[in-house]
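Asker: Residues per chain, in single letters:
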Amino acid sequence: MERSIETIWREGFLDEKLLVAPKVNDIYDRKSKMIVGRLKRMFSANLIFLVGAAIALVIVFPLIDLPIIGISLAVMLIGLVIPGRRYLKDINALDITKDSYHYLLEFQKWRLRKIAAYTKIYKIFYPVFFLVVMTEVYFNEMVQDLMIQSKAGNPDLMTLFMVPYPAVIGIAIITGILYLAGGALYRFDLKIVYGREFARLDETLEDMKTLRD
Amino acid sequence: MGIDFYKGYILPYAGIIIKICRAYTNSQEEFEDYYQEVCLQIWRSKDQFQEQSEWSTWIYRISLNVCLTTLRKDKKTKRVTVEMPSGMPEPTARIISSEIDSEQLLDALYTAIKQLSEIDRAIILLYLDEKPYKEIARIIGTSPNNIGVRITRIKERLTKIVSEKE
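Chains as they are written, first to last, in the working numbering: chain L, 1 to 213; chain Z, 214 to 379.
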């Protein structure tokens, strides 16, 4: 005999065991591990990407006559990977047997340490990258010709290694700005890539802190 | 989330959360994740509750919102399917049998409900829990007339899914 969906629903839930709520004790436990796990996977993927990019730079840039940029940038990227690997190892060393709150707090401290270290690295990374590009420009034949012509046309022009002073000053200013803004640029980049996960981590920690209070 | 809050404000209404989460999940683990996420969200948004509606309506609303949001997020990483492995009897086929116990019939009904769109699932869950059209409309954010029309259509569809298995 066919029963209506209303009857099936009503009779189905007469059995009270179907309405027993699952335990919520480990609610934050699972959530904490999930967030840390996801961030760990993202960090690893980022490091793999950097290594891949370094290899690609070494291969591709010499082919388009930009060997200095290619090789220098590859070396710089590997320079980012080395501390990254060490930091990744540190996550694995975090004591997972601690309660979720302290586990996340430790992770949070680790995250802040990493950001502080990379902020310093990027303060150097961006200006050096800019100088590498300028070096490649400097050795460019057309630019060399231009510098010679400009010196010949204006013998009083003050130069440093044939580079006119105004250009030297311009390069110095941009390098200085990149040094000062390097940390902010890194944090902006971080926000784009990890922003959502970091917000979730902060939110969870805040919830846990409220509960403890 | 404090245990007092859970015991006082969530546990008495756990049935609502369970019924809704079950309609949007396909495994016990997934069900527990959704359930916990709903509880967390109820706790987080408790201060936003204005006593213009009943607390149970608030729970319905949050449960549905969390399930729909989580389902959409999950869908980005995996496809949620309700198809049964070949060779296994499909539960909806059992819906017509009076010899099957009510728990199995309920399973079958849930399987049929999972074939509906996300919003239709929400509407039929509220309808089956005997919420008036006006309240369903308020929770879903549409007019009571529209809800009436949709419920008729959803019931026809559920009946069709069931009768196809006859």
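Hints were generated in silico from the structure; no laboratory data involved. One should not assume that every hint holds.
Said to hold, decoys possible - Calculated cross-link-like contacts (lysine-lysine; reagent style DSS-like; alpha-carbon spacing at most 30 Å):
id: 1; chain 1: Z; residue 1: K286; chain 2: L; residue 2: K109
id: 2; chain 1: L; residue 1: K209; chain 2: L; residue 2: K123
id: 3; chain 1: L; residue 1: K40; chain 2: L; residue 2: K89
id: 4; chain 1: L; residue 1: K191; chain 2: L; residue 2: K33
id: 5; chain 1: Z; residue 1: K259; chain 2: L; residue 2: K33
id: 6; chain 1: Z; residue 1: K286; chain 2: Z; residue 2: K259
id: 7; chain 1: L; residue 1: K109; chain 2: L; residue 2: K123
id: 8; chain 1: L; residue 1: K151; chain 2: L; residue 2: K33
id: 9; chain 1: L; residue 1: K98; chain 2: L; residue 2: K109
id: 10; chain 1: Z; residue 1: K286; chain 2: L; residue 2: K33
id: 11; chain 1: L; residue 1: K40; chain 2: Z; residue 2: K327
id: 12; chain 1: Z; residue 1: K327; chain 2: Z; residue 2: K286
id: 13; chain 1: L; residue 1: K33; chain 2: Z; residue 2: K220
id: 14; chain 1: Z; residue 1: K344; chain 2: Z; residue 2: K327
id: 15; chain 1: L; residue 1: K40; chain 2: L; residue 2: K191
id: 16; chain 1: L; residue 1: K191; chain 2: Z; residue 2: K286
id: 17; chain 1: L; residue 1: K89; chain 2: L; residue 2: K120
id: 18; chain 1: Z; residue 1: K344; chain 2: Z; residue 2: K286
id: 19; chain 1: L; residue 1: K89; chain 2: L; residue 2: K151
id: 20; chain 1: L; residue 1: K40; chain 2: L; residue 2: K151
id: 21; chain 1: Z; residue 1: K220; chain 2: L; residue 2: K98
id: 22; chain 1: Z; residue 1: K220; chain 2: L; residue 2: K209
id: 23; chain 1: Z; residue 1: K220; chain 2: Z; residue 2: K259
id: 24; chain 1: L; residue 1: K98; chain 2: L; residue 2: K151
id: 25; chain 1: Z; residue 1: K373; chain 2: Z; residue 2: K347
id: 26; chain 1: L; residue 1: K209; chain 2: Z; residue 2: K259
id: 27; chain 1: Z; residue 1: K368; chain 2: Z; residue 2: K344
id: 28; chain 1: Z; residue 1: K347; chain 2: Z; residue 2: K368
id: 29; chain 1: Z; residue 1: K286; chain 2: L; residue 2: K209
id: 30; chain 1: Z; residue 1: K373; chain 2: Z; residue 2: K344
id: 31; chain 1: L; residue 1: K114; chain 2: Z; residue 2: K286
All values reported here derive from a predicted model rather than from experimental measurement.
Asker: Indicate, hint by hint, whether the structure satisfies it.
Answerer: Hint check results:
1. Z:K286 <-> L:K109: holds (29 Å)
2. L:K209 <-> L:K123: Violated, at roughly 34 Å.
3. L:K40 <-> L:K89: Holds, at about 10 Å.
4. L:K191 <-> L:K33: holds (21 Å)
5. Z:K259 <-> L:K33: Given that 30 Å is the threshold and the Cα spacing comes to 26 Å, the pair holds.
6. Z:K286 <-> Z:K259: This hinted pair holds, its Cα atoms lying about 24 Å apart.
7. L:K109 <-> L:K123: Between K109 of chain L and K123 of chain L the Cα gap is close to 21 Å, so the pair holds against 30 Å.
8. L:K151 <-> L:K33: violated (64 Å)
9. L:K98 <-> L:K109: This hinted pair holds, its Cα atoms lying about 15 Å apart.
10. Z:K286 <-> L:K33: Judged against 30 Å, a Cα distance of about 18 Å means the pair holds.
11. L:K40 <-> Z:K327: violated (34 Å)
12. Z:K327 <-> Z:K286: holds (17 Å)
13. L:K33 <-> Z:K220: holds (25 Å)
14. Z:K344 <-> Z:K327: holds (20 Å)
15. L:K40 <-> L:K191: Holds: K40 of chain L and K191 of chain L sit about 16 Å apart, inside 30 Å.
16. L:K191 <-> Z:K286: holds (20 Å)
17. L:K89 <-> L:K120: Satisfied, since the Cα-Cα distance of roughly 20 Å is no more than 30 Å.
18. Z:K344 <-> Z:K286: holds (28 Å)
19. L:K89 <-> L:K151: Given that 30 Å is the threshold and the Cα spacing comes to 54 Å, the pair is violated.
20. L:K40 <-> L:K151: Not OK: K40 of chain L and K151 of chain L at ~55 Å, beyond 30 Å, violated.
21. Z:K220 <-> L:K98: holds (26 Å)
22. Z:K220 <-> L:K209: holds (20 Å)
23. Z:K220 <-> Z:K259: holds (14 Å)
24. L:K98 <-> L:K151: violated (69 Å)
25. Z:K373 <-> Z:K347: Holds, at about 26 Å.
26. L:K209 <-> Z:K259: holds (17 Å)
27. Z:K368 <-> Z:K344: holds (15 Å)
28. Z:K347 <-> Z:K368: holds (18 Å)
29. Z:K286 <-> L:K209: Cα-Cα ~27 Å, so holds.
30. Z:K373 <-> Z:K344: Satisfied, since the Cα-Cα distance of roughly 23 Å is no more than 30 Å.
31. L:K114 <-> Z:K286: holds (29 Å)
Of the hints listed earlier, those the structure fails to meet are numbers 2, 8, 11, 19, 20, 24, in rising order.
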